[in-house]
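Participant: Go ahead and model the full structure; you've got the sequences and the hints to work with.
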Amino acid sequence: MKRALPIVIVLVAVTVLLIFLGATFGRSSGTVGIASGSALPGFSEHASTPEQALSNFLQDVQRRNWDRAFASVERTSEAVNKLDFIQEWTGTNGGLRSFSSLEKYEARPLHATNSEAQMRVRMQWTTPVGPVEDVRDFQLAHRGDEWKVVWNQTPPPNVPAQIVPVNYLRWDLVSGTSNDQWGSHNVDSPHVRIVSMNAIDSAEGTVVMGEVVNEDTVPAFVNVNSTLVDASGNPIDDESSFDKILHILLPKQVSPYRIDFPNASLAKVKNVRMDVKATLVPASSDPVIGIMNQKLEQDAQGRSVLHGEILNQTGETVNIPHVIASFYDNNGKVIWVSDGYVQQALLPQSSQPFAVEVPKSVAGKVQNFHVVVNQYSLQKS
Amino acid sequence: MSSSINTACRSPKVSLCWIGAVLLSLAAVSMAQDIELRVPSGAVAGQPASISTTGGGSATFYLEGPSIALKRDVQLGQDIQLSAREIEGAGRYVATICASNCSSSVFFVAAGKPSTLTFLVHPSRAPVGQPDMISGVAFPFDEFENLIFTPETVQFQISSKESKLASHSVETQNGVAWFRTSSGKSAGAVQVAASLNDVQARRVVQQVASDPCRLQIKAQRTPKGVEVQTDPVRDCAGNPVPDGTIVTFTAKNGDQISTVDAPIKQDVARARITAKGTIVISAASGVVMGNEIRVGGQ
Amino acid sequence: MMRIQIAIVCVTLALAVGNLKAADTSPQVTLNVTKAAPRTVELLTQRALLRDYKFAWANLAQALESNSMESLNGLFAGTANTWLKGKVSTQRLSGLSSRYSNQSHKVDAVFYAPEGDVIELHDTAEYDYQVLDGSKSIHSEHAVVHYVVLMTPGADRWVVRQLQAVQHF
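So the protein lines, in turn, are chains H, G and Y. Note that our numbering numbers the first sequence so that position 340 is 1457, with each residue one more than the last. Note that our numbering numbers the second sequence so that position 9 is 10, with each residue one more than the last. Note that our numbering numbers the third sequence so that position 78 is 274, with each residue one more than the last.
These aren't lab readings, by the way, just hints derived from the structure by calculation. If a hint is listed, it holds; no wrong ones were tucked in.
Computed footprint of chain G on chain Y; a stretch qualifies when at least three of its residues, placed anywhere within it, have a C-beta under 8 Å from a C-beta of chain G: (1) 271 to 280; (2) 328 to 338.
The calculated lysine to aspartate or glutamate pairs, modelled on DMTMM-like cross-linking and capped at a C-alpha distance of 20 Å, are: (3) 1412(H) to 256(G); (4) 1394(H) to 352(Y); (5) 1394(H) to 311(Y); (6) 332(Y) to 74(G); (7) 1394(H) to 238(Y).
All C-beta atoms, glycine included, are put in the ideal place defined by N, C-alpha and C.
Facilitator: Here it is as structure tokens:
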């Protein structure tokens, strides 16, 4: 015990010294021009640099310290009130953002002068559907002796009170009584067919993708399963399309599907066994969502991105829209399927932007694309 | 038993002793074989039957059948009554009676008269005008759900509200009768019936329109965008394509594409496209493509 | 002395292995689908039928020997299930059990529905059948039994819906 005491004292002293050094020099010793943060608590400081101002602001957002965050920004329009500002970060109407929290961020300067700066921030959100990355550009201005975030976000347009006529089309499912005799049910499962399948080797492993169509006259709840089989006929792995498919397919509707096998190499695969399961479900043909102004472009970071707007043409709120896009080569073969969740709810008669990324390896071959939207409505669930 | 006899026979009067032993053995064997079961030869499911026994004294009776196992004390020499419930299941039964030793006999119970028809009809939704589209399979069962294996004649009939469309008479083979037929020309419900004597089973098949024959669209620019809609969508026989069928509208404006998957409601699919400038709109449903129209910008 | 001990151990082991083989209760099933009509039995369906019918008999034997329905694994449905349940419960009530061993099944598919939703099999089964009252054997025979079987596809397997013995096909 007597021999251990000096060691403990030395350890405590070294730890205190390291904490002091970290607190004093830690930030400046990082990569110059990159501000980053996490959900750990910290202290906001005087913003003498654009990075510092943005970091303070995003830490306030992380901690949901709305008073200070709103007070720290410079508003370009008086129309932006505090509620709009908060809702921009916390989401409304049961959108995905309502269930998300900002886990971490990374900011890089795009350009800076003595009076203004532009920073690009990659924000990582934790959501019920997994981590979601959001890239956003911030303007900053030098005011007096400090830098401020310029809040130029326009408030979301208000949906005017209105009556949207609906000639409601839905399918109910009546299941027979339990004492029904064998064969008396006489209602077949919907006829659904896989119209294409393509297996490729990607950076994450083997990916099986394609399209499935409901050939029936009733809606179908669809799931596609795939089994990879090796040369000796033994299954290597089996997976399902999970959320990368439009599960409820109306008659004649086509959906892309994608099945990921993260730990499987295509070189070992001799055969791919596909299985589509379709069951009868009650369904509604509403809401109808249009996908407007779709365009495949390169973004500022050089990535190929398909972006556009989803437009709710009916009177029902879609709380969590989920965009799934299939990309075709010049032979009409599906060469990639991307998906992404839109973080804000899609209100009746209004639109929301979306963007999904295409990997570099396939971007050059893309000739055409097809986008569908999955709808999650809290009322329905 | 046999060892004790052998020990006792080590005496000078060997031959006499052996004769006695053999007689004793024969007596014992004959006593054991005395229990004789006379099982029913033409038992029918759900009808009482009896098993006669020989000998005397008390014994235990066992019955093992397809859906039953029972054990009962009986008096030898009397008939054992099997109730209707005890032989409801058609199939193989093993009757065993045990006194000092056990004796068994096997008998079969046949299915009774037809009481129900299990009738499987597919598909429940059949596109019109397709050859060999509708099929039906019928199994006759008695009232205890025993499959009737003897040949029976099943009458299949297909009828719509207006008229009788087809009729087939089929004899069951291995307990099953089946038919296959083409779907009719017009959409709507048809009734498919199978009957055997006074037993009948009915199913309904919805004949539905086939793929759209041609898709014709028209569009109009409004302050909210371009309102596009189809003419009433029908198949080549003139049947309206079912409501809910998806029509995909695609609008192209340079390298920008807008699409809407719109369901047919009351024979017509409608959508709004917000693309600006001059756009070319087309429509498709399943494998069928529609016309293309050009809408100028405002 | 040591050699004798080793020899005894070897002989004992050999006998034990021999006994294990003799006590193997896994049913032997062969399936012939050439007579099936009007639909041809697909290769995958054939494999699934063979697997599931074999399991069904193995499970049936286990259920009737142990007087427990737990081992049936959903391989029986409809009438076949009701009958089997009835037999297990009445066996249990009477203190009886039955044993099917050395099973061999020669199965012919004779009818396969146009939509593939039911298949009729004719099974000529051979097995050693024993009925026990408690631990006392009251009946034993080498039986040759003809079964008419109806099987229907379930979610992930074929299930036996009718298992009915007949005198002859």
